[in-house]
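Participant: As a plain string of letters, each chain reads:
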Amino acid sequence: MSDTTLSSPAASDGKDSSVPQKTSLYKEDALTKKRNASEKRFQAYGITAILIGLFFLVVMAYSIISEGIPAFTRTVLTVEFTVTQEQFDDAEGQLFKTRAYEGVFTEAMSQQFQEKEIAVPFDITAIERIVGKPGNTIRQYYLANPDQLGEPVEFELAASSRVDGYLNGRLTRDNITDSRFLMKSDLDLVDVLVEGGIIQTVFNWPFITGADSGVDNPGGAGIGASVVGSLFMMLVVLFLSLPIGVAASIYLEEFAPQNKFTDLIEVNISNLAAVPSIVFGILGLAVFIQFMHLPQSAPLVGGLVLTLMTLPTIIISTRASLKAVPPSIRDAALGVGASKMQAVFHHVLPLAMPGILTGTIIGLAQALGETAPLLLIGMVGFVARGYPDSFVGGFLDPNSAMPAQIYTWAARSDFAFYEKAWGGIIVLLIFLLSMNILAIILRRRFERRW
Amino acid sequence: MKEMPKIDKADEMSETKIAASKVQVYYGTTHAIKDVDINIQPRSVTAFIGPSGCGKSTFLRTINRMNDTIDICRVEGEILIDGEDIYDPKVDPVQLRAKVGMVFQKPNPFPKSIYDNVAYGPRIHGLAKNKSELDEIVASSLQKAGLWEEAKDRLDEPGTGMSGGQQQRLCIARAIAVNPEVILMDEPCSALDPIATAKVEELIDELRENFTIVIVTHSMQQAARVSQRTAFFHLGILVEEGPTQDIFTNPQDKRTQDYITGRFG
Numbered sequence: 001m002s003d004t005t006l007s008s009p010a011a012s013d014g015k016d017s018s019v020p021q022k023t024s025l026y027k028e029d030a031l032t033k034k035r036n037a038s039e040k041r042f043q044a045y046g047i048t049a050i051l052i053g054l055f056f057l058v059v060m061a062y063s064i065i066s067e068g069i070p071a072f073t074r075t076v077l078t079v080e081f082t083v084t085q086e087q088f089d090d091a092e093g094q095l096f097k098t099r100a101y102e103g104v105f106t107e108a109m110s111q112q113f114q115e116k117e118i119a120v121p122f123d124i125t126a127i128e129r130i131v132g133k134p135g136n137t138i139r140q141y142y143l144a145n146p147d148q149l150g151e152p153v154e155f156e157l158a159a160s161s162r163v164d165g166y167l168n169g170r171l172t173r174d175n176i177t178d179s180r181f182l183m184k185s186d187l188d189l190v191d192v193l194v195e196g197g198i199i200q201t202v203f204n205w206p207f208i209t210g211a212d213s214g215v216d217n218p219g220g221a222g223i224g225a226s227v228v229g230s231l232f233m234m235l236v237v238l239f240l241s242l243p244i245g246v247a248a249s250i251y252l253e254e255f256a257p258q259n260k261f262t263d264l265i266e267v268n269i270s271n272l273a274a275v276p277s278i279v280f281g282i283l284g285l286a287v288f289i290q291f292m293h294l295p296q297s298a299p300l301v302g303g304l305v306l307t308l309m310t311l312p313t314i315i316i317s318t319r320a321s322l323k324a325v326p327p328s329i330r331d332a333a334l335g336v337g338a339s340k341m342q343a344v345f346h347h348v349l350p351l352a353m354p355g356i357l358t359g360t361i362i363g364l365a366q367a368l369g370e371t372a373p374l375l376l377i378g379m380v381g382f383v384a385r386g387y388p389d390s391f392v393g394g395f396l397d398p399n400s401a402m403p404a405q406i407y408t409w410a411a412r413s414d415f416a417f418y419e420k421a422w423g424g425i426i427v428l429l430i431f432l433l434s435m436n437i438l439a440i441i442l443r444r445r446f447e448r449r450w
Numbered sequence: 001m002k003e004m005p006k007i008d009k010a011d012e013m014s015e016t017k018i019a020a021s022k023v024q025v026y027y028g029t030t031h032a033i034k035d036v037d038i039n040i041q042p043r044s045v046t047a048f049i050g051p052s053g054c055g056k057s058t059f060l061r062t063i064n065r066m067n068d069t070i071d072i073c074r075v076e077g078e079i080l081i082d083g084e085d086i087y088d089p090k091v092d093p094v095q096l097r098a099k100v101g102m103v104f105q106k107p108n109p110f111p112k113s114i115y116d117n118v119a120y121g122p123r124i125h126g127l128a129k130n131k132s133e134l135d136e137i138v139a140s141s142l143q144k145a146g147l148w149e150e151a152k153d154r155l156d157e158p159g160t161g162m163s164g165g166q167q168q169r170l171c172i173a174r175a176i177a178v179n180p181e182v183i184l185m186d187e188p189c190s191a192l193d194p195i196a197t198a199k200v201e202e203l204i205d206e207l208r209e210n211f212t213i214v215i216v217t218h219s220m221q222q223a224a225r226v227s228q229r230t231a232f233f234h235l236g237i238l239v240e241e242g243p244t245q246d247i248f249t250n251p252q253d254k255r256t257q258d259y260i261t262g263r264f265g
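As you go down the protein sequences, you meet chains A and B in turn.
Note that full-length UniProt numbering has the first sequence beginning at 1, numbered continuously upward.
Note that full-length UniProt numbering has the second sequence beginning at 1, numbered continuously upward.
It should be emphasised that the hints constitute simulated quantities derived from the structure, not laboratory data.
Since the structure is predicted, the reported quantities are computational estimates derived from the model, not experimental observations.
Ideal Cβ positions, reconstructed from N, Cα and C, are used throughout, including at glycine.
Any given hint might turn out to be false.
As a list, the in silico DSS-like pairs of lysine-lysine whose alpha-carbon atoms are at most 30 angstroms apart [said to hold, decoys possible]: (1) LYS112(B) <-> LYS22(B); (2) LYS152(B) <-> LYS99(B); (3) LYS199(B) <-> LYS260(A); (4) LYS131(B) <-> LYS90(B); (5) LYS260(A) <-> LYS340(A); (6) LYS184(A) <-> LYS22(B); (7) LYS112(B) <-> LYS340(A); (8) LYS22(A) <-> LYS34(A); (9) LYS323(A) <-> LYS99(B); (10) LYS144(B) <-> LYS340(A); (11) LYS17(B) <-> LYS34(B); (12) LYS90(B) <-> LYS34(B); (13) LYS152(B) <-> LYS17(B); (14) LYS17(B) <-> LYS340(A); (15) LYS99(B) <-> LYS112(B); (16) LYS22(B) <-> LYS340(A); (17) LYS323(A) <-> LYS112(B); (18) LYS34(B) <-> LYS112(B); (19) LYS112(B) <-> LYS40(A); (20) LYS152(B) <-> LYS323(A); (21) LYS254(B) <-> LYS340(A); (22) LYS129(B) <-> LYS133(A); (23) LYS144(B) <-> LYS131(B); (24) LYS340(A) <-> LYS34(B); (25) LYS131(B) <-> LYS17(B).
Derived DEER-like restraints, expressed as beta-carbon distance ranges [unchecked claim]: (26) GLY53(A) <-> GLN95(B): 36 to 44 angstroms; (27) TYR26(A) <-> SER219(B): 44 to 52 angstroms; (28) LEU127(B) <-> PRO243(A): 50 to 58 angstroms.
Sample of chain A residues with no beta-carbon within 12 angstroms of chain B, all distances over it, derived [as the list claims (entries may be wrong)]: (29) GLN85; (30) ASP89; (31) GLY93; (32) SER110; (33) ASP191; (34) GLY220; (35) ILE278; (36) ILE282; (37) ARG330; (38) ALA332; (39) VAL336; (40) SER339.
Make a model of the complete structure from these sequences and hints.
Facilitator: Shown next, in the form of structure tokens:
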């Protein structure tokens, strides 16, 4: 109180303002209040922005996982039965060989039903709708393993995608319409078979390891082949763009004279980073396939196209991290009589390595998710025949890539492929994450050398 | 009086390590060093003093051609070391820098271990045939730099983890490890506290026995303490050069007098 009484006369006669007013530090003045308020406001904006970002991330993760998980399970029908030599010879002698095997299969089914005391009338057409036509699968097995004739063999037959959908909730009794693919009445049979443990849901290894199937067989579609395709492409990109990009950056940053020509190159590199990827695709089509006659759909060509796309990213980030190395380090090296190249390779480059790796991983991640250029060089819509021998053998054999495969699935009309597309995205993200983790581990190792 | 230093110089001509004549340095169109003539004696400390931007550091850097790294920098004139022109086209600047070492203003150890910092120069110049020889060079360099006692138990630790004064002595150890004939020091103590400075100055005085040392300094007391000869630069011109004692007690030029009495600069 005494403070205010003391300062009030000063305030009243301080009109000429030559005497500074006494103010209390305990009280915020107007300007401070305003400044603090605006600071608080800005923090609130920032937190809001982060929360919005997090919200979308959570929504995305939730939808990807909930939609994609069913792709990792598959429904199989397990039957154990024995085909004798006579049955085999008899079947092979018939005109419709697979039909004959189906007869054996049906017999085995009804026998198993009796054992498990399941009393359900069924006909072969209903079974066919549930597991497709099993005859060929059985025949192929015995042709390949004739020594199994006469022995009891357990068959795991893949259920049709509609049964799959019914079991994982995608389809319900209400939204199934009777068709030649599945009748409502078949679902009763499915329910009974599930209860009896004959139809089971198991982990879908064929999805992880297999190749794409035709449009009529969503159950058999796998992403494995395109994972291999993507891996090959990433190897090509890594082993081309990293050395080329780093060499170009080192030359431009440390050795090149400053003149119009190098300026022009710099401007062009910056511009190339902003060129739409489909342009690189058509360039790859024209140069690598039409002019150089490299095979179509080959991971080598895809890798080359993506290398072109990744180079500017790597060059820009490498130059930035070279620039960030303090010049005193260069001076120190030159000062003890190191040549310019020794200074760069012994001192500057190791220090720039974490930054270079960061740029590389950003470039590779971009390349991994790129679809558009792959459409143009034919690495898309690939249906495997005779997988795995006919392809994924190497850099020059036709293959697809994960994003292109996902795009193909998403574009197909059968709803079962939609689920595959989500599953494919999960595999893509896991691939990307493991790539990033590898890069982070590498970067840590370089950073420790400080 | 004016004749005296000249006669001195003539006597010393036979004992000249570095002889610069008519040295001009241009940064683009800026004429940074004008007509500098100076003779530097072997196994002595020569100090360059002068106000900021007077060109003393620039001139220092011409002696081991560190200015070559600056694109727009151009040097004219002649600098002889032991009678050989270092700007001769036949001279490789990298080879020159092994002979003329440099210590910089800010301590700049490599982000490597103390051992590797000192061993780097000998390694790239192939001065050691094997590990034990290299160990010996590292140990003796650290000893000469007065850092051995502090560093011998932590040779594997990063050089950047030492204190500022220790780092600067490490840089000096690194410079002497390649066994140069001349050591250039560009304000080596400007980033150090008085105690570290005293240690580095003591070290410079000891190194004089084996090396020719040229030091740029902003501190006139430092120049007076460590150097035998002093050169005063002003606006790119070498105003005056002579025995340190004379420069500080009996300067010939008005500008030198004004500077050392603190009237400008």
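Participant: Hints first: check each against the structure and report whether it holds.
Facilitator: Status of each hint after checking the structure:
1. LYS112(B) <-> LYS22(B): Distance ~41 angstroms between LYS112(B) and LYS22(B) Cα, so the pair is violated.
2. LYS152(B) <-> LYS99(B): OK: LYS152(B) and LYS99(B) at ~27 angstroms, within 30 angstroms.
3. LYS199(B) <-> LYS260(A): 49 angstroms, violated
4. LYS131(B) <-> LYS90(B): 33 angstroms, violated
5. LYS260(A) <-> LYS340(A): 23 angstroms, holds
6. LYS184(A) <-> LYS22(B): 104 angstroms, violated
7. LYS112(B) <-> LYS340(A): 19 angstroms, holds
8. LYS22(A) <-> LYS34(A): Roughly 20 angstroms separates the two Cα atoms, so the pair holds.
9. LYS323(A) <-> LYS99(B): Status holds; Cα separation ~29 angstroms.
10. LYS144(B) <-> LYS340(A): 28 angstroms, holds
11. LYS17(B) <-> LYS34(B): 21 angstroms, holds
12. LYS90(B) <-> LYS34(B): 25 angstroms, holds
13. LYS152(B) <-> LYS17(B): 34 angstroms, violated
14. LYS17(B) <-> LYS340(A): The hint holds at about 27 angstroms.
15. LYS99(B) <-> LYS112(B): The given pair, whose Cα atoms are some 23 angstroms apart, holds under the 30 angstroms limit.
16. LYS22(B) <-> LYS340(A): 29 angstroms, holds
17. LYS323(A) <-> LYS112(B): Answer holds: LYS323(A) to LYS112(B) is near 20 angstroms, not above 30 angstroms.
18. LYS34(B) <-> LYS112(B): Violated, at about 40 angstroms.
19. LYS112(B) <-> LYS40(A): Distance of about 44 angstroms is beyond 30 angstroms: violated.
20. LYS152(B) <-> LYS323(A): 34 angstroms, violated
21. LYS254(B) <-> LYS340(A): 43 angstroms, violated
22. LYS129(B) <-> LYS133(A): The hint is violated at about 78 angstroms.
23. LYS144(B) <-> LYS131(B): 20 angstroms, holds
24. LYS340(A) <-> LYS34(B): Roughly 29 angstroms between the alpha carbons, so the hint for LYS340(A) and LYS34(B) holds.
25. LYS131(B) <-> LYS17(B): 33 angstroms, violated
26. GLY53(A) <-> GLN95(B): 36 to 44 angstroms: Since the Cβ atoms of GLY53(A) and GLN95(B) sit about 57 angstroms apart, the hinted range of 36 to 44 angstroms is violated.
27. TYR26(A) <-> SER219(B): 44 to 52 angstroms: Holds: the Cβ-Cβ distance is about 46 angstroms, inside 44 to 52 angstroms.
28. LEU127(B) <-> PRO243(A): 50 to 58 angstroms: 32 angstroms, violated
29. GLN85: 75 angstroms, holds
30. ASP89: The claim stands: ASP89(A) keeps its Cβ more than 12 angstroms from every Cβ of chain B (closest is about 78 angstroms).
31. GLY93: Correct as stated: the minimum Cβ-Cβ distance to chain B is 81 angstroms, above 12 angstroms.
32. SER110: Holds: least Cβ distance 78 angstroms, greater than 12 angstroms.
33. ASP191: 69 angstroms, holds
34. GLY220: 55 angstroms, holds
35. ILE278: 40 angstroms, holds
36. ILE282: Label holds. Min Cβ-Cβ 40 angstroms, cutoff 12 angstroms.
37. ARG330: 8 angstroms, violated
38. ALA332: 4 angstroms, violated
39. VAL336: It is violated; VAL336(A) is separated from chain B by about 4 angstroms at its closest Cβ, not greater than 12 angstroms.
40. SER339: 5 angstroms, violated
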